[in-house]
Amino acid sequence: MRNIALLFITLSLFALLVGAFFGTLTGIQYVKPDFLKEVIAFNKMRPFHVSTIIGWIILCATGGIYYYLTHDLKLNLFSKKLASAHLLIFILCIIAIYISLISGNMGGREYLTYAPIISLPILFGWILFGINYFKTTIQQVQGWPVYLWMWGTGIVFMIYHFSEAHFWLIPYFRENFVRDITVQWKSYGSFVGAWNMLVYGTAIFLMSRIKNNEDVSKGKKVFFFYFLGLVNLMLGWAHHTYIIPTQPWVRHLAYAVSMTEWIILISIIMSWRKSLTKHKIEQHHVSYNFLMATDFWVFVNLFLALLISIPTINLFTHGTHITVAHSMGTTIGINTTILLASAFYIVNLEDKGHINRYLKIIKLGFWIFNISLGIFWICLLLGGVEKSIWMYFTENPTPFGEMQTKLLPYMYVFLVAGFGIFIGIMMITIPLLLVLMKRIKNY
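According to our numbering, the residues represented by the sequence shown are 168 to 610, in order.
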């Protein structure tokens, strides 16, 4: 079973590398539209980037859950055959998605731009995962720690909201614009919330294991955080729909819920950090560093999220680079740092001596990655402010092309920072891949 978990994680790291590479190319095309236009135009390159990065998040979270259930928690997996089928289905779906994008058969919507038929086996894979997860945990664990609740909730809501994201295929939704766009943003917001449950559950699991104390995952505070995250998953999506003519109470509720995002996670990480001994930190210092990076990115993205969740501010930021900064900061700064902490924790258990050979390059990659991400994030914010001024605060706005030209200085720095993120990711992930492939070969 350990081999299947490691294969999931190995595939995810390849996806991170490839997704970061596509992201770099997408950034070049944004600044220089003719770059590779005849090979892969921007409208194809961006879906390659987005789909691959989503693959990184899903595969790494899934592989980590399989590994932690069987290796750390010592549970007997309900069915290794279901896990193998899950892996095989996802591999075949990855191939199908790339074929769909390369061939231009992109009939889906945002995040899911590939041919919609591919979503059926993906959904089936999630159902297999859910059966395996609940059959394993319900029969063997009493008094679930919060991370088991978060993983289970994430799986269930992923199945539902992934299905909901395809309601546009039903004429009742597709033929009514307001209904269609509302359900689209509702499903995507909750879809992201579902994978956040998997990722944040992983963060709490890591904190409990590094400290070697289950109190981290069973206290009142973490369960309050769980229910807060659950409310955000179910209702927080609505702050994306302020501009849609829906019922006022939906907007008001979304605003109230959005104000609570991530606050408790910051508190949990800070309390955990203060309680760690130097010995515990040294045992898993790379994972610790990535969780501290998570703490920082949660803080800065919380500040931005609170601002853009205010309806008046949201009106001026919607459709600008500020929204992109929020989504990229969350995906790269929070989800990716947590999942890299998870990957390093697992590799440290599998072959600590081997990974220690690469510590210098990993540490350098860590700083290149985080500093580049900070510059990248700031450039997007500044670009968003400029665009918002052009759209809403200029009496006689210049043509769109001139406005884009004015943004170029920010975008050039953004492009260099994006390249720095890619270099940092390479320096971090290649050592992980070398160790993982060696371990898989030996099993």
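Hint data in this document are derived by calculation from the structure and do not stem from the laboratory. Be aware that one or more of the hints could be misleading.
To be verified - Distance windows between CB atoms, simulated:
| id | residue 1 | residue 2 | range |
| --- | --- | --- | --- |
| 1 | H452 | Y265 | 20 to 26 Å |
| 2 | E205 | F391 | 33 to 39 Å |
| 3 | H238 | I597 | 40 to 46 Å |
Claimed, not checked - Think about it this way: if two alpha-carbon atoms lie no more than 20 Å apart in a straight line, the pair counts; the simulated EDC-like pairs of lysine to aspartate or glutamate are:
| id | residue 1 | residue 2 |
| --- | --- | --- |
| 4 | K199 | E569 |
| 5 | K608 | D462 |
| 6 | K388 | E331 |
| 7 | K573 | E562 |
| 8 | K241 | E331 |
| 9 | K573 | D201 |
All residues carry an ideal CB built from backbone N, CA and C; glycine is no exception.
(message) For K199 and E569, compute the direct alpha-carbon distance and say whether it is at most 20 Å.
(response) Holds - the C-alpha atoms of E569 and K199 are around 15 Å apart, at most 20 Å.
(message) Holds or violated: K388 and E331, Cα atoms, limit 20 Å.
(response) With a Cα-Cα distance of about 31 Å, the restraint between K388 and E331 is violated, given a limit of 20 Å.
(message) Hint check: K573 vs E562, CA-CA at most 20 Å. Holds or violated?
(response) holds (17 Å)
(request) Take a look at whether the Cβ-Cβ distance between H452 and Y265 falls inside 20 to 26 Å. (result) Roughly 37 Å apart at Cβ, these two residues miss the hinted range, so it is violated.
(message) For K608 and D462, compute the direct alpha-carbon distance and say whether it is at most 20 Å.
(response) The given pair, whose Cα atoms are some 35 Å apart, is violated under the 20 Å limit.
(request) Decide if the proposed pair is consistent with the structure: K573 and D201, CA atoms, cutoff 20 Å inclusive. (result) Holds, at roughly 19 Å.
(request) Assess, step by step, whether the Cα of K241 is no farther than 20 Å from the Cα of E331, and give holds or violated. (result) Given pair K241, E331 is violated - Cα atoms ~35 Å apart, limit 20 Å.
(request) Mind checking the hinted window 33 to 39 Å against the Cβ distance between E205 and F391? (result) violated (54 Å)
(request) May I ask you to test the hint 40 to 46 Å on the CB atoms belonging to H238 and I597? (result) violated (24 Å)
The structure fails hints 1, 2, 3, 5, 6, 8 (numbered hints given earlier, in ascending order).
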